[in-house]
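With these hints in hand, go ahead and build the complete structure from the sequences.
Residue 1 is where the sequence shown starts when you use the working numbering, and the numbers rise one by one after that.
In case anyone wonders, no lab produced these hints; they're calculated from the structure.
A virtual CB, placed ideally from N, CA and C, is assigned to each residue, including glycine.
No false leads were slipped in.
DSS-like, lysine-lysine: derived pairs with alpha carbons at most 27 Å apart: (1) Lys30 / Lys59; (2) Lys30 / Lys64; (3) Lys64 / Lys41; (4) Lys59 / Lys41; (5) Lys30 / Lys41.
Pair by pair, the computed Cβ-Cβ distance ranges are: (6) Glu46 / Asp66: 16 to 26 Å; (7) Asn2 / Thr70: 23 to 33 Å; (8) Trp48 / Phe69: 31 to 41 Å; (9) Arg4 / Glu37: 18 to 28 Å.
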Amino acid sequence: MNTRDLLLEIGVEELPTSLIGAVFQELEAKSSQAFSEARIKYGGLEVWGTPRRMVVYVKELAEKQDPLFTE
Numbered sequence: 001m002n003t004r005d006l007l008l009e010i011g012v013e014e015l016p017t018s019l020i021g022a023v024f025q026e027l028e029a030k031s032s033q034a035f036s037e038a039r040i041k042y043g044g045l046e047v048w049g050t051p052r053r054m055v056v057y058v059k060e061l062a063e064k065q066d067p068l069f070t071e
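This is the structure we're talking about:
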């Protein structure tokens, strides 16, 4: 299976510094949940940022979804 790294940068209005940690934790959890629900495998996920930028770095992101079989 082919994989690639993904870097997603999100620009935001200035976040209060007291909320940055909680926002980044939630962004990491929601990103992980979204990839799982979409059946897209990845090797690792990291979230970084500043009060005006949030970055999601996904290592070894699969180029295709896992197949879905239903009866």
